[in-house]
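Trainee: Okay, here's what each chain looks like letter by letter:
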Amino acid sequence: MENTHNTERHEYDVVVIGAGGAGLRAAIEARQQGKRTAIVCKSLFGKAHTVMAEGGAAAAMGNVNPDDNWMVHFRDTMRGGKFLNNWRMAELHAKEAPDRVWELEAWGALFDRTKDGKISQRNFGGHEYPRLAHVGDRTGLELIRTLQQRVVALQQEDYETHGDYEAYIKVFAECTVTRLLKDGDAISGAFGYWRETGNFVLFDAPAVVLATGGIGKSYVVTSNSWEYTGDGHALALLAGANLINMEFIQFHPTGMVWPPSVRGILVTESVRGDGGVLRNSEGRRFMFDYIPDVFKDKYATTEEEGDRWYTDQANNRRPPELLPRDEVARAINAEVKAGRGSPQGGVFLDVSTRLPAEEIKKRLPSMHHQFKELADVDITAEPMQVGPTCHYIMGGVEVDADTGAAAVPGLFAAGEVSGGMHGSNRLGGNSLSDLLVFGRRAGAGAAEYIDSLASRPKVLPEQVEFAREEALAPLGRSGENPYEVHHELQRTMNDLVGIIRKAEEVSEALEVVEKLKERVRLVGAAGSRIYNPGWHLAIDLRNMVLVSECVARAALMREESRGGHTRDDFPGMDPEWRRKLLVCSTEDGSSVKVRVRVQPPMRDDLITLFDRDELKKYLTDEEMAEFDGIAKKS
Amino acid sequence: MSYKAKFKVWRGEGGEGRLEDFTVEVNEGEVVLDIIHRLQATQAPDLAVRWNCKAGKCGSCSMEINGKPRLGCMTRMSTFSEDETITVTPMRTFPVIKDLVTDVSYNYQKAREVPSFTPPSGVRPGEYRMKQVDVERSQEFRKCIECFMCNNVCHVIRDHEENKTNFSGPRFLMRIAELDMHPYDVADRQEAAQQEHGLGYCNITKCCTEVCPEHIKITDNALIPMKERVVDRKYDPLVWLGNKIFRRGK
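As you go down the protein sequences, you meet chains A and B in turn. If you're matching positions, the first sequence starts at 111 in the numbering used here and goes up one per residue. If you're matching positions, the second sequence starts at -17 in the numbering used here and goes up one per residue.
Be aware that one or more of the hints could be misleading.
[As the list claims (entries may be wrong)] Cβ pair distances, simulated, as ranges: (1) B:T61 with A:E276: 28 to 36 Å; (2) B:T147 with A:E270: 16 to 24 Å; (3) B:R111 with A:R119: 36 to 44 Å; (4) B:Q25 with A:T307: 17 to 25 Å.
Honestly, the hints are just simulated from the structure, not real lab data. Glycine residues also receive a C-beta, built at the ideal position from the N, C-alpha and C atoms.
Isolated chain A (complex conformation):
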């Protein structure tokens, strides 16, 4: 399948970029609907960042508490996102998550069990009932392996029918996509290179599903792997799609802080869900001092009540260690700033005095292992030191809730790269279920789109040539080392557009980003095209800089604090801003424009699931008047 330019060419119906949970679930769906599907991923098959998810997949199955149902889950999700969520996505997610989890079980997943043999569910921050299906603290691995094995199962079916494992679904591992191709308005394919050889590869396909995850590698302290360079976000922008909610970045409250080489690596929220508590250097459980007004009636106000909750949830309120992640991260940040931090600049997370050693090893095996091996800390005997780490971006490609379709015909997105579902802050456990629910929907959306096409969009040779030249450029230059440019971007974003933001600092970051753009155009990569990480980074920098600009511009514009966006100069939540989405786009491919768009009001049957008193904390007077009208009718 070689063409004259020595670029491999492949024809597919659907190209899925990314092989984490969302990508694999999308690919499985597309293939199950009879579409020829390619999965393209930067790492080996089965290594995607989904493996890092520890806590579980949130799904209101009601196995542990029968009072749980989709409406409770929907409410928790909206609350967690401070009511900025795309409510249709939150609704679909809450309704469909149980089916998606059960389906995994039919594909071979082995979740931990309840006494009566059902899937066990654990407590997590922001979830009213025990809701997370889990396998110890390695749920992400179970999810990725199950989906990987499902792909293999489909390949085995195809081998039986067609004599070729890869007749309908093929994994292009260690392959990076650098450009999406278009015929007029519509997607016609994707262009990339094999990491192993540096050779180019062209996918001729009318539908592309982006499932590339997040952008964490623009920050120094992050729980994200090298793959998280915002590729899908940037590819979508460059293809003419919009990104929304880019100012909202989740700093997970508990990342490791020591040793320096593992700074940022995640410490699962399950530690708190299973009884772990946060203390400052004075030994105080400081989270009791940080319960925000909107959550006052939902959280325990004394340690005694919080402790009783673990065994009696009907009669006690949950401890404030289990507030949504944005609240906990800000509280830790504030304690450290006030000089009450731990020796290595975090706070103490202690489970050793809360559970017997054997129980800790059973419930949190990989945390026990991680601290033992990487930090010489035995979590059954001493507290951990933890601090906030850049973990997840709520913002992403603006999509249609039901189909995952972006504004560009033929382009779809699911998982972390899409925006809207989580509003301004994602609840723990809602990511794995998001991947499954919207991965499936994007795969189905792509299949349906293809069926509706009158003719197949064409790959235009000049676009391929442009993409080739763009990718090769760093190899021909003897410019600056890409690692240095990357490091400066990471420092800038970490220091100036981090967990707490102010206008001057964000403006300063934008000036730095502007200069970095110039430097990115000049970076050079030594060596050949064969497995050359310096060259790969030089190419990824384009994406990281573009996406960082989106984050900074949106962060500067949103003059309030909400979820994963905290402005020191605008500390309050402003109901006027709640309905406003900030939409990023680019026309010239290098500068970002941000516009305000008003989010449509929640459907009547959904808004009436909430108490008036709660809504009052989030909505404008005008919206409250509308609500009263609706409530009166129903």
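Following the hints, position chain B against chain A.
Mentor: Relative to chain A, chain B alone:
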């Protein structure tokens, strides 16, 4: 706190290569993968290495450190003395693509040859009921992060390229055991384990168990019980008679 360490790192591509000497800074708390990254950033920008999570959860950075299969991200520099020269080479059992990166496609091919989870017909999603105690054994095997170090270290294929066709390695023999012990799997896997995947080649030297970064007891809990199941089947006269009369399994 920080010192200069001496490293020898395998460099090369296309079947050729050599150990290259480096002197490189090491700081407190660092792991071997940090040092490889420092080499990339300061001395050898095109040095090839696979990695992802840097927390021992994805199994990408398998390499041989002073001749032992290890994850680069879980090997702390403090386990070596400051004057020791540390030798880093790619996994030996798989062909080298470049530097520390090997072609591990053998493993993906073997994965495909193991028939997938086969539930009984008629059990719908959501209807599965299993006791914790019944899923624990297979759960242990599902902890596998597919670093492929067990397959790398296994002497059946480490120095015997010719055995690769008939031997799936500890990783995938364990996968067969995992499915065989899954409470809902109905496929007959025991004969295939012996005939097609080479279970008989394993002479339980436990090298795989020793290198497993997840501390899975591959030999004791997967391979030996699997061998016992195969043997029980093969030498049980009633089963033999049953097979003759009812042509079971055919």
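Trainee: Run every hint past the structure and note whether it holds.
Mentor: Evaluation of the provided hints:
Against the hinted window of 28 to 36 Å, the Cβ-Cβ separation of T61 (chain B) and E276 (chain A) comes to about 42 Å, which falls outside the hint. For the pair T147 (chain B) and E270 (chain A), the beta carbons lie near 21 Å from each other, so the given range of 16 to 24 Å is met. The hinted range of 36 to 44 Å is not satisfied by R111 (chain B) and R119 (chain A), whose Cβ atoms lie roughly 49 Å apart. In this structure the hint that Q25 (chain B) and T307 (chain A) lie 17 to 25 Å apart at CB holds, the actual value being about 24 Å.
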